[in-house]
Amino acid sequence: MLTCYGVELASRLFLGTAQYPSPAILADTVRASGTEVVTVSLRRETAGGASGGRFWELIRELGVRVLPNTAGCHSVKEAVTTARMAREVFATDWIKLEVIGNHDTLQPDVFGLVESARILSEEGFSVFPYTTDDLVVAERLLEAGCKVLMPWCAPIGSAAGPLNVRALRSLRAHFPDTPLIVDAGLGRPSHAAAVMELGFDAVLLNTAVAKAGDPAGMAHAFAGAVEAGLEAYRAGIVEPRETAVPSTPVIGQAVFS
Amino acid sequence: MRVLVKGAGVAGLAVAHELARRNMAVTVAEIRAGIGGNASWLAGGMLAPWCERESAGEAVIALGRGAADWWSAALPGHVTRAGTLVVAHPRDASELRRFSQRTENHAWLTEDAIAKLEPDLAGHFRLGLFFDQEAHLDPRRAMEALVEKLSAMGVTFLFGSGQPVPSGFDRMIDCTGMAAQDPALRGVRGEMLILRTSDISLKRPVRLLHPRHPIYIVPRPDHHFMVGATMIESDNEGPITARSAMELLNAAYALHPAFGEAEIVETGAALRPAYRDNLPRVDARDGTVTVNGFYRHGFLLAPVMAQQAAELVFASESDTEPEHEADHQRRSA
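Chains as they are written, first to last, in this note's numbering: chain A, 1 to 257; chain B, 1001 to 1333.
I should point out that these hints are in silico values taken from the structure, not numbers from a laboratory.
Computed from a prediction, not measured in an experiment: that's the story for all the values here.
Some hints here could point you the wrong way.
[Unchecked claim] Not close to chain A: a few residues of chain B, all C-beta gaps over 12 Å, as computed: (1) Asn1023; (2) Val1060; (3) Ala1073; (4) Ala1082; (5) Arg1098; (6) Arg1102; (7) Gln1133; (8) Gly1162; (9) Pro1166; (10) Ala1184; (11) Val1265; (12) Asn1278; (13) Ser1316.
[What the hints assert, rightly or not] Distance windows between CB atoms, simulated: (14) Arg188(A) - Gly1238(B): 53 to 63 Å; (15) Gly1238(B) - Gly224(A): 42 to 52 Å; (16) Glu1266(B) - His174(A): 49 to 59 Å.
Backbone N, C-alpha and C define an ideal beta-carbon position, used for all residues, glycine too.
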């Protein structure tokens, strides 16, 4: 079981709730994925501070844990305010913290991220920070009070898959006991399997599933890949070698030369 | 049979047309003072079922493919059959490939072919998709013309909340969108702009794909262009936000720099009524028929749903106990 802030989760797949063709398809997708946690963006959906209304009710009706996020926030102040609003709306201390630093790549502003994480952790939030694969930033986030890290493996929505496997390995090696959830950049199930094989604890998906031709089918495929990667990591993966090694012993065989 | 249609948005007007055509005595009651101010008034007016398939189920094609013919027959001269052009900037080429995979009935266009279709876009895009069977109309002119035509056909219009709605109708059809207060409906906020410039002309709706801010621009008469539309899960009906206006304007400017010099004639925001599957429904319950949930497909799907609603009413003309048929006659798109 994966434990995040004291909550045990059987599923290693988190799902975003944006960009689906319809709420009905989103509900099918959540069921097909077996996910127990969905993220929901507060900032865009409010459009001026009114309640998100029916859409949020539909999210609650999914019957899974809601992880509100601060998507679209570009400053510490925005992110902190949004997190406080999210606590009110969804009655949860969980917050997926995003502080965007670059409009094109949606790369996190790691300085603003650490500062917001500190403020929110002090206020009792359970912070899930969306960060880069930078080791030192990860350390600072843990110092700021985060107990879970959500590094990217490629820019949000890029579907590029793990770009810097060395950095991801390094994160895993340095923080063996911290839940590490790959957030952003996964495009296909093999990408999810690849990061799970590196020992990551879970993945978060949105675009790769929501924009698929059949979102529920894709979510099911991802769920299988995540399980496969997790099981492979636990089973111990054979390291690649430079040369061929026969799988049957050759000693004792006749030599014809 | 005397039928009351509540709501004079595109759904109400299309239903009234289908009923009047079947020689029923129709009254349309609209709480607003005129036909403007509703979600239909802010619509793009694209009759584009194949493009819409990108983010909707097969149903949108099955239900929407006859829309252009229906509007042409109802309002001769209002429908422009010039197709839809879909483009993306080179950095978003993967969006174009994705769009082509999700849709059908389109052809790939090279830079030269784009220039032939839309000379003002020459040199701006290297690749595009052309949906030649699609059409568009001007929603405002179409609605005004439909009110005029229906009045001539004998339909009574009651505008404004001050008017007492007469009683004694055999059937009531509720086409009031969000105002129907149906708990199964949610609002999907849409924001739009109308620009005016004579520096560029387009013959057909152009969709500019972008991973975050896809937009469409629909040419309207007198150098006007409708730019739309945001899709926000919210029940807030307030004015357009600065961010949305910026995104729409940025996208328009990215389509062609001439839009940078255009006048902003109008901005608007409204709620699209939507059910969980984002498809419209005709429902019959306790003698009342509801036609609702058009989401972003009012002009595209109103014809077929209006036909369904009219057939339902027509079929029940001799039926004295309409409430018994509630479950059987519920039709879903």
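Here is what the structure says about each hint:
At the 12 Å boundary, the C-beta of Asn1023(B) stays outside the reach of chain A, the nearest C-beta of that chain being 37 Å off. Here Val1060(B) does not stay apart from chain A, with its beta-carbon only about 10 Å from theirs, under the 12 Å limit. Residue-level check passed: Ala1073(B) sits 30 Å from the nearest beta carbon of chain A, beyond 12 Å. No Cβ of chain A approaches the Cβ of Ala1082(B) within 12 Å, the least distance being about 27 Å, so the stated non-interface status holds.
For Arg1098(B), the condition that its CB be more than 12 Å from all CB atoms of chain A is violated, with the nearest at approximately 7 Å. At roughly 6 Å, the least C-beta separation between Arg1102(B) and chain A is not larger than 12 Å, which violates its mark as non-interface. For Gln1133(B), the non-interface assignment is confirmed: its Cβ lies about 22 Å from the closest Cβ of chain A, beyond the 12 Å cut-off. Gly1162(B), annotated as away from the interface, keeps every beta carbon of chain A farther than 12 Å; the closest lies near 29 Å.
For Pro1166(B), the condition that its CB be more than 12 Å from all CB atoms of chain A holds, with the nearest at approximately 33 Å. The claim that Ala1184(B) lies off the interface is violated: its Cβ sits roughly 9 Å from the closest Cβ of chain A, which falls inside the 12 Å cut-off. At the 12 Å boundary, the C-beta of Val1265(B) stays outside the reach of chain A, the nearest C-beta of that chain being 22 Å off. With 12 Å as the threshold on Cβ separation, the claim that Asn1278(B) sits away from chain A is violated: the shortest Cβ distance comes to roughly 4 Å.
Non-interface status of Ser1316(B) relative to chain A is upheld: no Cβ of that chain comes within 12 Å, the nearest being about 29 Å off. In this structure the supplied range 53 to 63 Å is violated for Arg188(A) paired with Gly1238(B), their Cβ-Cβ distance being about 40 Å. Between Gly1238(B) and Gly224(A) the Cβ separation comes to about 44 Å, which falls inside the hinted range of 42 to 52 Å. Taking 49 to 59 Å as the suggested C-beta distance range, the pair Glu1266(B) and His174(A) conforms, at roughly 56 Å.
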